[in-house]
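Asks: The residues making up each chain are set out below.
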Amino acid sequence: MLRLIKRVSKKTGLPPGTPVHIGEKKIEKTRITIIDYDKDKFQQYEAEKIEECFPFKDTPTVTWINIDGIHEVEIIEDIGKHFDLHPLLLEDIVNTGQRPKIEHFENYLFIVLKMLYYDKEETEIKSEQVSLILGSNFVISFQESIGDVFNPVRDRIRNGKGRIRKMGADYLAYSLMDAIVDSYFVILEQLGEEIEHTEEELVKNPTPETLQAIHNLKREMIFLRKSTWPLREVVSVLEREESPLIKKSTSIYLRDVYDHTFQVIDTIETFRDMLSGMLDIYLSSISNRMNAIMKVLTIIATIFIPLTFIAGIYGMNFRFMPELEWHWGYPLVLLVMVAIGVLMLFYFRKKEWL
Amino acid sequence: MLRLIKRVSKKTGLPPGTPVHIGEKKIEKTRITIIDYDKDKFQQYEAEKIEECFPFKDTPTVTWINIDGIHEVEIIEDIGKHFDLHPLLLEDIVNTGQRPKIEHFENYLFIVLKMLYYDKEETEIKSEQVSLILGSNFVISFQESIGDVFNPVRDRIRNGKGRIRKMGADYLAYSLMDAIVDSYFVILEQLGEEIEHTEEELVKNPTPETLQAIHNLKREMIFLRKSTWPLREVVSVLEREESPLIKKSTSIYLRDVYDHTFQVIDTIETFRDMLSGMLDIYLSSISNRMNAIMKVLTIIATIFIPLTFIAGIYGMNFRFMPELEWHWGYPLVLLVMVAIGVLMLFYFRKKEWL
Amino acid sequence: MLRLIKRVSKKTGLPPGTPVHIGEKKIEKTRITIIDYDKDKFQQYEAEKIEECFPFKDTPTVTWINIDGIHEVEIIEDIGKHFDLHPLLLEDIVNTGQRPKIEHFENYLFIVLKMLYYDKEETEIKSEQVSLILGSNFVISFQESIGDVFNPVRDRIRNGKGRIRKMGADYLAYSLMDAIVDSYFVILEQLGEEIEHTEEELVKNPTPETLQAIHNLKREMIFLRKSTWPLREVVSVLEREESPLIKKSTSIYLRDVYDHTFQVIDTIETFRDMLSGMLDIYLSSISNRMNAIMKVLTIIATIFIPLTFIAGIYGMNFRFMPELEWHWGYPLVLLVMVAIGVLMLFYFRKKEWL
Amino acid sequence: MLRLIKRVSKKTGLPPGTPVHIGEKKIEKTRITIIDYDKDKFQQYEAEKIEECFPFKDTPTVTWINIDGIHEVEIIEDIGKHFDLHPLLLEDIVNTGQRPKIEHFENYLFIVLKMLYYDKEETEIKSEQVSLILGSNFVISFQESIGDVFNPVRDRIRNGKGRIRKMGADYLAYSLMDAIVDSYFVILEQLGEEIEHTEEELVKNPTPETLQAIHNLKREMIFLRKSTWPLREVVSVLEREESPLIKKSTSIYLRDVYDHTFQVIDTIETFRDMLSGMLDIYLSSISNRMNAIMKVLTIIATIFIPLTFIAGIYGMNFRFMPELEWHWGYPLVLLVMVAIGVLMLFYFRKKEWL
Amino acid sequence: MLRLIKRVSKKTGLPPGTPVHIGEKKIEKTRITIIDYDKDKFQQYEAEKIEECFPFKDTPTVTWINIDGIHEVEIIEDIGKHFDLHPLLLEDIVNTGQRPKIEHFENYLFIVLKMLYYDKEETEIKSEQVSLILGSNFVISFQESIGDVFNPVRDRIRNGKGRIRKMGADYLAYSLMDAIVDSYFVILEQLGEEIEHTEEELVKNPTPETLQAIHNLKREMIFLRKSTWPLREVVSVLEREESPLIKKSTSIYLRDVYDHTFQVIDTIETFRDMLSGMLDIYLSSISNRMNAIMKVLTIIATIFIPLTFIAGIYGMNFRFMPELEWHWGYPLVLLVMVAIGVLMLFYFRKKEWL
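Just so you know, the sequences run in chain order A, B, C, D and E. One point on numbering: in numbering that gives the first Met the number 0, the residue at position 212 of the first sequence is 211, and numbering is uninterrupted. One point on numbering: in numbering that gives the first Met the number 0, the residue at position 36 of the second sequence is 35, and numbering is uninterrupted. One point on numbering: in numbering that gives the first Met the number 0, the residue at position 327 of the third sequence is 326, and numbering is uninterrupted. One point on numbering: in numbering that gives the first Met the number 0, the residue at position 151 of the fourth sequence is 150, and numbering is uninterrupted. One point on numbering: in numbering that gives the first Met the number 0, the residue at position 245 of the fifth sequence is 244, and numbering is uninterrupted.
Take the hints with a grain of salt, since some may be wrong.
For identical chains, the list gives no copy identity; a pair is met inside one copy or between any two copies.
In silico DSS-like pairs for lysine-lysine, Cα to Cα no more than 25 Å straight-line [stated by the list, open to error]:
1) Lys246 to Lys165
2) Lys165 to Lys100
3) Lys125 to Lys247
4) Lys48 to Lys28
5) Lys56 to Lys349
6) Lys80 to Lys119
7) Lys160 to Lys80
8) Lys25 to Lys160
Just so you know, these hints were derived from the structure itself, not from any lab. These numbers were taken from a predicted model, which means no experiment stands behind them.
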């Protein structure tokens with residue numbers, strides 16, 4: 000449940016713009032990593048104190064300040080003060096219950112995204128909030144914990160692969176968003192395999208566990224949808240709206256991300272449709288089985304109940320029962336019984352129960 | 000039912016603009032509380048008569064007049080006359096069956112909201128109508144009864160926490176709306192816990208009570224939706240539309256409230272999806288149980304009915320039944336019976352009924 | 000069915016603009032009532048001939064001509080000629096199968112509405128078509144039969160209550176529309192009570208009649224929706240569009256009617272949701288009952304079938320059955336039987352069937 | 000199935016604009032009928048050759064050229080050449096799988112409609128494609144076969160009834176469209192009666208045939224929707240868009256047709272809702288019947304199985320069974336049996352199974 | 000599953016604009032075919048090296064370069080460099096998991112489509128991605144494998160049939176799109192026949208295989224929808240948007256394609272509705288069968304269980320049972336049994352179970 004609604008009671012009543020960390024504390028100490036680069040230079044190091052990253056605000060090089068851990072609210076507030084960030088924005092960064100969204104401020108863009116990863120132990124998709132602040136020559140990213148999907152981006156910057164070193168901060172922000180959306184595909188693949196597996200099970204031998212699996216997959220879809228629909232809006236706004244922070248050459252890449260989010264949503268919707276169909280199959284397979292059981296019961300009962308009745312007749316102790324005295328009485332009765340049984344079987348065959 | 004449709008028959012036929020109280024009378028006597036403040040000053044007191052609050056209309060300080068109780072129509076009409084409020088607006092204030100809405104008048108904005116609280120005794124969400132009138136330097140709020148979610152706002156004004164004392168009446172109105180939307184999260188948390196609890200029950204031991212619980216939760220969702228969708232529109236209109244009463248510095252805070260209402264709606268929709276899934280699970284668990292019962296019955300019946308028939312055969316009183324005279328007849332028949340039983344069991348195992 | 004689609008075959012093939020009465024003939028003779036008023040004067044009388052109302056067309060006073068009965072097509076045509084009404088409009092007035100709609104003509108507005116009332120004998124909502132023609136200083140209303148929801152409006156005009164006498168024809172038209180929408184609430188209340196009643200029945204003792212009741216309520220909702228959705232559009236168009244016939248002071252009242260229609264629709268949708276939920280409950284309560292019946296059958300059968308089999312064994316007439324000769328044979332068998340029965344009961348308790 | 004998708008394989012691969020007849024050949028020889036009229040003159044005759052209608056292209060009178068039969072592609076092409084029609088348009092005329100649509104060309108409008116009629120033999124709605132070409136003073140209509148719903152229009156032209164003789168070609172086109180939409184109501188009436196009939200059957204005695212009837216009606220609705228939704232768009236475009244070919248005096252009549260298509264759609268949607276409700280009723284009536292059957296079985300079985308067991312006990316052949324020797328043993332046992340039976344009946348009554 | 004989501008993990012982390020082939024490798028060696036034509040000339044030949052097609056870029060004739068096979072990324076990159084194609088576009092060409100889409104670049108249009116064909120062996124619809132690049136006088140098409148639906152277009156160019164030789168590159172692009180959409184109809188026909196066949200089966204003798212067939216058809220519909228809805232958007236954008244690359248004379252042909260995609264979608268939606276209805280029929284036919292089985296069981300059991308009980312009574316060994324000594328006891332009991340049986344049958348007939 001915690002995945003779906005964050006506990007917010009501790010926040011109720013505070014003045015707006017008060018940053019209060021909402022969510023799990025996933026890391027001990029906040030870690031600050033600075034990557035600074037332009038076409039020619041590149042440096043990366045871990046900052047001890049938050050103040051170390053302030054000088055990069057106005058340098059012409061592109062600076063990426065990555066903050067892992069958002070529970071130490073004072074650090075967030077320090078950054079906010081130095082980079083002139085709006086208090087409501089700081090509040091959103093530390094409240095992990097945000098929907099993906101984009102907000103335009105005078106000197107920067109604020110983007111909230113969800114980074115998804117598949118928790119194999121709990122067989123559940125988990126999400127981590129990533130907030131990006133895009134200034135004219137810096138990007139600040141906030142994550143809940145260490146470990147992300149940005150390593151390929153770091154590699155590309157370090158090695159100067161692709162055009163990233165030649166482009167500005169907007170391209171860096173795009174690259175981070177692209178990495179996040181890319182990681183969605185990995186999750187969709189995993190879910191796709193699970194759906195395929197469940198479907199096979201459904202055809203071969205559906206059990207209540209199959210139903211549970213379908214139900215769980217449906218819940219994952221609900222969870223995924225909640226993250227991706229607003230994401231699509233975010234990217235769409237970014238692509239369409241004119242902002243001095245987004246250069247035209249980057250805008251075309253955002254259209255590409257937009258296409259990807261669309262593919263993600265498309266696949267989610269397709270999965271949802273398939274899961275609905277699988278539920279129908281499951282329910283009717285239960286009915287079919289019930290039918291099979293009923294048939295067996297009915298065949299056995301309708302054959303033997305009349306026969307038992309006949310046996311009962313000749314088990315009666317009336318003094319005057321002429322049949323009992325006949326020499327061929329017993330075999331005759333057996334014959335009648337067999338005849339009835341065979342007739343019944345023919346009847347069932349005609350009814351296509353056999 | 001009263002939650003869903005207010006009794007309006009007593010109103011039918013009156014000229015429009017006639018304020019008639021519709022709803023429960025939740026309080027004995029109307030209570031009027033005045034809070035007046037600016038950056039430096041702060042005073043709060045309870046007014047005996049409604050006339051006491053009239054002088055505050057034109058002072059430069061921000062004044063918040065809070066009216067608890069809306070059944071004394073004359074008081075509402077007095078306020079209406081003094082503050083130049085439109086008769087239709089007065090009618091809306093006392094008719095508690097309004098949808099959340101916003102209306103622009105020349106000198107003030109009129110906002111109707113629903114304050115929700117969870118009635119633990121009736122395990123139902125209850126709603127109370129809150130009407131706000133935002134003038135250039137005053138806010139008048141109307142509530143159905145004493146007791147609200149505004150105490151944190153009052154505290155912030157009193158203690159000068161946050162920026163509320165430095166901002167105008169529009170920020171006060173925003174703060175009240177924010178407090179109301181915040182309280183929705185508390186209710187969603189409670190419902191979320193109930194859903195979680197019901198879901199566990201569903202997996203462990205679903206009973207008709209579980210179904211009833213799912214059904215009740217669904218009804219709560221219907222009720223919540225009815226309040227929150229129009230709320231979203233209200234906030235959206237407030238944020239987007241240009242109004243001289245809303246300063247630009249406040250507008251950004253309204254965007255924040257808008258985000259929150261969106262989160263509320265998102266969560267409601269997610270809960271609805273989950274409850275639908277739970278209903279499916281419940282229905283198929285009933286089917287599964289039926290299946291299990293049928294299996295036991297069928298196994299017992301199909302094993303013993305033929306055996307009883309055989310016993311019946313040798314219970315017949317025919318004079319000439321050679322088997323009866325055999326020395327090993329009885330053990331032989333027992334053996335045959337055991338053999339049939341074992342065969343049956345093998346058959347059921349093959350069919351995976353065991 | 001007649002409620003849902005009007006018989007139109009007799010019209011097929013006629014040139015457009017030919018007024019042909021479609022619908023039930025609900026009244027013997029057309030009744031024409033004229034109310035003429037301004038701030039100071041008021042007169043009301045019944046006209047013998049339609050010509051009596053022609054002089055009022057160009058007087059400065061506000062005139063309300065109410066026509067009860069639309070089957071005498073010649074009268075409608077006479078009015079049409081004198082007031083310069085478009086032939087298609089006349090056709091719409093007498094064809095009671097219209098959707099609520101509004102049409103703008105050069106000198107007047109044409110509004111079609113549905114007046115609803117609850118027919119207690121047939122326990123069905125019935126509708127009557129009301130057509131309004133709003134000119135610069137007159138309103139002509141056409142109804143299918145005598146008896147309407149406009150008496151409060153008439154009273155207000157007569158007594159000069161509210162502002163109606165001071166306002167123009169547009170306010171009169173608004174008042175009539177308001178009266179109609181108000182009457183919808185009365186119907187919703189009645190349906191709300193029926194839903195409540197049916198829901199109680201559903202919890203206590205659902206019978207096939209409960210299902211029928213749910214089904215009937217659903218049909219009423221379909222019927223209501225068909226009338227109210229287009230109504231909302233009509234009012235919305237009226238409120239938003241600039242028309243010289245609607246003064247700005249009246250426009251604010253139309254916004255109020257718009258809010259009301261929205262409340263009506265909201266309530267209908269909520270009722271629909273609730274009825275769907277009730278259907279689910281009903282269906283699963285049937286399943287539950289089936290389960291209960293199956294359990295009893297299975298318990299009885301699985302306990303006694305094996306016991307009967309044992310009795311059958313010792314009812315066999317084999318000559319050599321040592322047990323039969325034992326002195327304690329009979330009590331022993333009884334003991335065994337009791338033991339089996341008790342074991343079975345324990346098994347069922349473990350399975351939670353008891 | 001042929002109703003839903005036309006066989007198009009024979010067309011695949013041809014260059015666009017190649018007219019290929021797709022659909023059933025419903026008529027032997029193409030029939031060409033020319034009606035030419037103005038306020039004073041009127042002539043109607045059947046043309047032997049297509050060339051006979053060419054002179055009418057530029058006369059000031061209104062000319063209606065009606066072509067019955069579209070399988071003789073050369074005739075269509077001749078018309079196309081003479082009247083300067085676009086090749087794609089010709090292709091659409093002879094391909095009967097079109098959706099209703101409207102296309103604007105420089106000198107004419109092209110409208111495709113579906114004429115519906117109820118085939119009583121196959122109890123199915125059939126459709127015939129009608130294509131209209133509206134020029135400045137002529138209308139060319141293409142139909143698949145002889146027999147249509149336009150006779151009333153012909154009569155009106157011949158007799159000079161209504162305003163048709165005084166108006167231009169646009170009014171003629173409107174009249175034809177109006178006639179088609181009118182005929183939809185006739186079909187809706189028939190379906191309405193069938194629905195009513197099926198509903199009665201459903202309440203009295205639902206059989207699998209009732210289900211089949213509901214299913215068939217649902218299919219008819221799917222078919223009807225497919226024809227009417229695009230029709231509404233066509234009429235809407237015609238009404239709203241400015242075209243020199245449509246005079247303003249005709250435009251108001253198109254609004255009337257638009258209202259009618261809206262009524263048709265409304266009724267279809269209502270019927271769909273009703274049919275869904277009927278399906279629910281049907282399914283739960285099956286469940287109810289199953290319940291009733293199960294009850295009878297369970298009551299009989301649970302009463303007699305224990306009694307039969309008791310009889311079995313005293314049918315055992317143990318030598319030492321004291322009860323058997325009692326003088327009142329037999330009546331006592333009978334008494335016990337009656338007592339058990341009566342107790343059972345009380346139990347069932349308490350459970351409300353009786 | 001591979002049909003629904005392409006494996007993209009190997010791409011994650013690469014810089015954007017890196018073309019990586021995603022999808023099955025369906026062909027050994029890339030094949031390049033060049034068709035060059037204008038009104039008078041025509042030449043077609045297979046190129047050995049990609050460089051052979053570069054000269055055609057700036058000739059005034061229309062050139063169609065068709066690439067079969069997209070796994071040799073270097074070739075794609077060569078084309079990209081020579082024709083100045085954006086790197087992201089190249090990436091899209093080789094990633095076969097694209098949605099149909101259109102993108103506007105300065106000197107060319109980029110269109111992604113899905114070519115569908117029915118794989119009879121796997122009884123599944125398969126799709127192949129076709130990318131088109133439309134320049135001012137050339138079209139480059141990329142396909143996954145040899146074999147396509149473009150042969151009729153090739154024939155028309157070769158033979159000069161239709162207007163294709165007289166028109167420009169935009170008409171060629173249109174022709175290719177038209178050929179693809181045309182091929183959808185062939186698939187719809189096949190599916191339509193399958194649906195028809197399944198429906199017949201459903202009425203005659205529904206088996207679990209019928210359910211599986213319905214389910215599979217539903218999945219095909221999900222797959223088709225995923226391809227056609229975005230296709231419609233693509234064509235709609237092409238038709239509406241002004242682009243110097245699309246001449247007005249071609250635009251009218253695109254409207255035709257748009258109509259066709261609409262027909263495709265319409266048919267898919269209709270099929271979906273029909274399949275839903277068929278599922279309902281299937282499920283209720285299972286219930287009906289269960290009912291029939293239950294009836295037989297109940298009738299047999301309720302008739303014979305009481306009779307067997309009576310037989311059991313007179314099988315008891317009490318010493319004092321007066322009936323047993325009666326001379327007519329046995330026939331009397333038989334008579335009573337027959338009477339009970341007949342009564343039961345009457346009861347069942349009254350209940351309409353027989």
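Asks: A separate judgement is required for each hint: does it hold in the structure or not?
Replies: Against the structure, the hints:
no. : hint             : result
1   : Lys246 to Lys165 : within (13 Å within a copy, 38 Å between copies)
2   : Lys165 to Lys100 : neither (28 Å within a copy, 29 Å between copies)
3   : Lys125 to Lys247 : neither (34 Å within a copy, 38 Å between copies)
4   : Lys48 to Lys28   : within (12 Å within a copy, 58 Å between copies)
5   : Lys56 to Lys349  : neither (87 Å within a copy, 71 Å between copies)
6   : Lys80 to Lys119  : neither (40 Å within a copy, 44 Å between copies)
7   : Lys160 to Lys80  : between (35 Å within a copy, 18 Å between copies)
8   : Lys25 to Lys160  : neither (32 Å within a copy, 30 Å between copies)
Going through the hint list in order, the structure does not satisfy hints 2, 3, 5, 6 and 8.
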